[in-house]
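Visitor: Okay, here's what each chain looks like letter by letter:
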Amino acid sequence: MLISVDPSSPVGLADQVARSVRAGIADGSVRPGDRLPPAREAAAALSVGLHTILRGYQQLRDEGLVELRRGRGAVVTDAGNSLRARTDQLARDFTSACRHLGLTADQTLALVRDALQHP
Amino acid sequence: MADFRDEVGRGRLRWLLLAVAPLTVAAGVPWLLVLVCGDRLPERAYVYGWSRVGPQYAHLAPTWSSWSAGWSYCLLYAVLLGVVFRRVRRWPRLQRMVVAGGWTAGTVAATQAVCGVLAVVDVPGYPPHPMARWYDVVPAAVGLVGGVAGLLLAGSAPASPETADAPPAGLPARRLGRTERALFSEVVWSTKARVVGVLFLLCVPVAMVVVQSFTAVVLLVVGLFAVLQSTARIQIDGTGVSLTLPLLGRARRRVPYRHVRYAETAERAPTAGWGLAENKRYWGYAAGRGPVMVLRLTDDRPFVAALRDPEAAVALVNGHLARARTSGTTTGD
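Line by line, the protein sequences give chains A and B. In terms of the numbering used here, the first sequence opens at residue 1 and continues consecutively. In terms of the numbering used here, the second sequence opens at residue 1 and continues consecutively.
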């Protein structure tokens, strides 16, 4: 599980923490049952406040992606599977729509790249 | 690329003597005990084994001189330890562990001999049955203290060389922003370690009834250790890579980036293993399956960690190294 934050980014640090975990769940590198790093150690390793990490974890809990248990830390729930499935489905819907429009693979990728660069 | 050889480090002869001395001394302890307590001992060495099962087997007990001579196997172990010490000459940390092993084995053997003799001093004829429980517990406890004493006497191992070279081109490396901070964390476990540990623990009650309690204590310690080290957490951050055993009081070993040349992935660990690994080929944590992250270190003995996602871990390590060693951004190590 990879968590990355950049203080120079306009996005809040807690949001960046939540975003990193969410991305891991979406790309399949984080699976249901996986344990998030202990908040105190994550805060020390990333040089951010403990409450920043906890706020990020709480966001994920509010989305149902993580369960916070006393003594066991933060554990990814089964909802992670549906997030992964939803992401897969969105990608499939988009690519099939592009195929229907007659776009090539390169053109489809260029569209995605452009959308990523100009959100 | 620097090839680290540390074969003639200062103090190694002292370490070698420290490693073999306890077992050598232990071989002489029984002779000394018989010499000192000779008049107060029974006719034969009713110390352990068949001779203590019951008076009907008393005739199987050896004489005191043949019992003392039997401890000569300690000399053989001392020689073997010397050979092992020589074989791991390139890695001071392993040599230090050999010293600790020598002290553990030597103190256990010597204490067993002392306890065996003390149990029958001033006992006329065949001693009461069974032997006192402390006979089994005391050598194990003294052995533990002996191992720690060996580590303290050896002192700390010389530090590994440091490097500031950027990782070779072509390796996977995550492009880290100038101010970006990244943390990789993964909990790994070894099913084999867990199964072996549970099997050992299941054998404990059987050993207590059938064999002897010393064997049961050994099985208990080994089984508990195997179970407790079956889970580990690998963490990579801006300062280095750390291996933590959460069930063993958060015991931790760190690899600072200054000792890392670069990271790469491999299909499996160099040799089969489960749980904590410490041998000539590598050290780290092996799960007995799947791909691993290999950290090429400056002392030529790689750190290996079994991970579900070694590519991401390797890319992050190389990314940290590349950023620190090409742009001069601090890694905190």
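Hint data in this document are derived by calculation from the structure and do not stem from the laboratory. Glycine residues also receive a C-beta, built at the ideal position from the N, C-alpha and C atoms. Any given hint might turn out to be false.
[Stated by the list, open to error] Between beta-carbon pairs, the in silico distance windows are:
hint, chain 1, residue 1, chain 2, residue 2, range
1, A, Gly28, B, Val83, 47 to 57 Å
2, A, Gly28, B, Thr191, 49 to 59 Å
3, B, Pro161, A, Asp62, 30 to 40 Å
4, B, Pro270, A, Ala115, 41 to 51 Å
5, A, Arg61, B, Gly170, 49 to 59 Å
6, B, Val222, A, Ala79, 20 to 30 Å
7, A, Gly33, B, Pro270, 23 to 33 Å
[What the hints assert, rightly or not] Rough simulated footprint, nothing fancy, chain B against chain A, three-plus residues with beta-carbon under 8 Å:
hint, region
8, 6–17
9, 109–119
Visitor: A separate judgement is required for each hint: does it hold in the structure or not?
Guide: Hint-by-hint comparison with the structure:
For the hinted restraint 47 to 57 Å between Gly28(A) and Val83(B), the CB-CB distance of approximately 49 Å keeps it satisfied. Between Gly28(A) and Thr191(B) the C-beta distance comes to about 22 Å, which lies outside the given range of 49 to 59 Å. Between Pro161(B) and Asp62(A) the beta carbon distance is about 49 Å. The supplied range of 30 to 40 Å is therefore violated. In this structure the hint that Pro270(B) and Ala115(A) lie 41 to 51 Å apart at CB holds, the actual value being about 45 Å.
Here the CB-CB span from Arg61(A) to Gly170(B) is close to 41 Å, at odds with the stated 49 to 59 Å. A C-beta distance of roughly 41 Å is found between Val222(B) and Ala79(A), which places it outside the suggested range of 20 to 30 Å. Roughly 30 Å separates the CB atoms of Gly33(A) and Pro270(B), a value that falls within the hinted 23 to 33 Å. A stretch counts as covered by a chain when three or more of its residues have a beta carbon under 8 Å from one of that chain; for the region 6–17 of chain A and chain B the count is 3, and the coverage holds.
Counting residues of the region 109–119 of chain A whose beta carbon lies closer than 8 Å to any beta carbon of chain B gives 0, which falls below the threshold of three, so the coverage claim is violated.
The structure does not agree with the numbered hints 2, 3, 5, 6 and 9 stated previously, though it agrees with the rest.
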